[in-house]
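*Asks:* Here is what each chain is made of, one letter per residue.
2 protein chains.
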Amino acid sequence: MRSRSQVASSIASLASVNSPCEKCNIAEMSLCHALSCDDLKQLSAISSSVEIGKGVTIINEQDPANYLFNVTAGSVKLYKLLPDGRRQMTGFLFPGDFLGIAMNDCYAYSAESLEDTRLCRFSRTKLEELLKILPHLENRLLNMVSNELVLAQDQMLLLGRKTAKEKVCSFLLSLSKRTQSKTDHAQNISLPMGRSDIGDYLGLTTETVSRTLTNLKKAGIISIPATGVLEITNMQELTDFAEGLD
Amino acid sequence: MRSRSQVASSIASLASVNSPCEKCNIAEMSLCHALSCDDLKQLSAISSSVEIGKGVTIINEQDPANYLFNVTAGSVKLYKLLPDGRRQMTGFLFPGDFLGIAMNDCYAYSAESLEDTRLCRFSRTKLEELLKILPHLENRLLNMVSNELVLAQDQMLLLGRKTAKEKVCSFLLSLSKRTQSKTDHAQNISLPMGRSDIGDYLGLTTETVSRTLTNLKKAGIISIPATGVLEITNMQELTDFAEGLD
DNA sequence: GTTGGTCTTTGATGTAGGTCAATTTGACGC
DNA sequence: GCGTCAAATTGACCTACATCAAAGACCAAC
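Heads up: the protein sequence lines correspond to chains A and B, in order. Under numbering that gives the first Met the number 0, the first residue of the first sequence carries the number 0, and numbering increases by one thereafter. Under numbering that gives the first Met the number 0, the first residue of the second sequence carries the number 0, and numbering increases by one thereafter.
Honestly, the hints are just simulated from the structure, not real lab data. There's no promise every hint is true.
Pairs of lysine to aspartate or glutamate, EDC-like flavour, derived with a Cα cap of 20 Å [said to hold, decoys possible]: (1) A:Lys-176 <-> A:Glu-242; (2) B:Lys-79 <-> A:Asp-115; (3) A:Lys-131 <-> B:Glu-137.
Short, incomplete list of chain B residues facing chain A, as computed with Cβ under 8 Å [claimed, not checked]: (4) Lys-79; (5) Leu-129; (6) Leu-141.
Not everything, but these chain B residues come out facing chain A in the computed CB check (under 8 Å) [stated by the list, open to error]: (7) Gln-87; (8) Ile-100; (9) Asp-104; (10) Tyr-108; (11) Glu-111; (12) Leu-156.
Everything numeric in this text was worked out from a predicted model, so none of it was measured. Positions of the beta carbon are idealized from the N, C-alpha and C atoms, including for glycine.
Produce the entire structure from the sequences given, and follow the hints as far as they go.
*Replies:* Listed below in structure tokens is the structure:
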């Protein structure tokens, strides 16, 4: 994987690596989960692995949705823009997460890598054909999309009704839960995104995110041992703050 | 259908009427859409019709998700609560819409009728069994949930980054689009929900919604001929305002 | 038609978080 | 180590919307 950072080049320009499923170590949490060995071979046949550096645009809002992706390594940010440039993050993706949901055959959001990232790419038309003959796969997809919808509704509650402090605490907590479920370290969180990415995810400005984090540091609830890493030192208080219990 | 208004009684106390699919005139936009006649019979066998008055709680957040519902007449509001009572609407449902998505077998939101309403009710376990043998149905469900997810992401953009005026205009526009697709009258919108419901949907207070509406009236963009009805008199400006183009 | 209750509108005032403007810190290349 | 550039932090000030309070409109029951 390239270590050099790339600025806003397009996924179209990227050569795909042809060593899919064998190399992929996250099958148990991705789309491929719950498929028989035979089914997996069929899915493998229509997928290809793509490796990209940091800051690469994966898809653009409104572009024709020809591909779907599964993140297999690294992380990705999803966002929507208003005509004047205001931005709303709709999600951060980590290994196992899915990307490329569309409406009217066009992507509903843009996606960009936050660090060196590996993706598993599927042609939409081929995947749809495969769905017709692999009911397990369609069921898996339905479960993944339903879960995303539930999380989206939690995010609506956050954006519409929580204070800055509650927003930041909820965000750290959700990152912690995700991390916990995969590596069992609830305390140490990786923060591959910048402050302004976080702000655009929470409906806040960079400055407010920064101020809120320093307040949490001063209160002894978190610490930031290095850039891109955050440690939760008082999980109970963080949890309470996230729900407005303070 | 009862015309008397009921206050917050439970769906559990309601007798179901046993005249499902024949009576239902919205099959072309509901879950049942795209099913063969035979498939429809199987679906009909596990569904029952429920009629309720205004202000009836249909489901409660965190309750075990034993049923799924399809709205066949009337309208419904969906919402989530914070411990201190702050509320976020996650959606308004109209005939054809679906309700009951869950995570960990519990409902992710509460639902309450906005007026006299008819619902088509499915047992979750029975529906899941049926999904295994009716791939069309699962595909239909996947499309419905995917569409909901796209709309949820639009709502995140609204909640996180739009001004009060843009929020209200976007809301009226989305109601108008929904109405248009079903009766072709883009101009006249039915507003079965109260101002504070709208506020909780848009992340605003009742007062701000009211003030914003009066401003739009004074600007000649909308008019309110009767309570519960709203007319769009300048669609172009409303559309521009919704995206911040003013 | 009158009454009681709820919902909506309007006005006056307050504040959380945004905006603008420096610093400070950190990452990377040489 | 040093210089450069971008990102993060901090401070001073401002504003969009919330909050508080009161008056008006609607609707159902009698």
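*Asks:* Using Cβ atoms only, decide whether Tyr-108 (chain B) comes closer than 8 Å to chain A, and label the hint accordingly.
*Replies:* Constraint on Tyr-108 (chain B) satisfied, holds at 6 Å.
*Asks:* Given the hint that Lys-79 (chain B) pairs with Asp-115 (chain A), does the C-alpha gap stay at or below 20 Å?
*Replies:* Answer violated: Lys-79 (chain B) to Asp-115 (chain A) is near 37 Å, above 20 Å.
*Asks:* Is the interface hint for Leu-156 (chain B) satisfied, with its Cβ closer than 8 Å to some Cβ of chain A?
*Replies:* 4 Å, holds
*Asks:* Please work out if Lys-131 (chain A) and Glu-137 (chain B) have their alpha carbons no farther apart than 20 Å.
*Replies:* Status holds; Cα separation ~10 Å.
*Asks:* Tell me if Leu-129 (chain B) is really an interface residue toward chain A, meaning its C-beta lies closer than 8 Å to one of theirs.
*Replies:* 12 Å, violated
*Asks:* Would you check the hint for Lys-176 (chain A) and Glu-242 (chain A), treating anything up to 20 Å between C-alpha atoms as holding?
*Replies:* Given that 20 Å is the threshold and the Cα spacing comes to 15 Å, the pair holds.
*Asks:* Please check whether Gln-87 (chain B) passes as an interface residue: C-beta within 8 Å of a C-beta belonging to chain A.
*Replies:* 4 Å, holds
*Asks:* Going by Cβ atoms only, is Leu-141 (chain B) closer than 8 Å to chain A?
*Replies:* Because about 5 Å separates Leu-141 (chain B) from the closest Cβ in chain A, which is inside the 8 Å limit, the hint holds.
*Asks:* Does Ile-100 (chain B) meet its interface restraint, that is, does its C-beta lie within less than 8 Å of any C-beta in chain A?
*Replies:* 5 Å, holds
*Asks:* Hint check: is the beta carbon of Asp-104 (chain B) less than 8 Å from a beta carbon of chain A?
*Replies:* Hint on Asp-104 (chain B): violated, closest Cβ of chain A at ~12 Å, above 8 Å.
*Asks:* Close enough to count: is the Cβ of Glu-111 (chain B) nearer than 8 Å to one in chain A?
*Replies:* Nearest chain A Cβ about 16 Å off; hint violated.
*Asks:* Does Lys-79 (chain B) pass the interface check with chain A, least Cβ-Cβ distance below 8 Å?
*Replies:* 5 Å, holds
Checked against the numbered hints above, the structure breaks hints 2, 5, 9, 11 and satisfies the rest.
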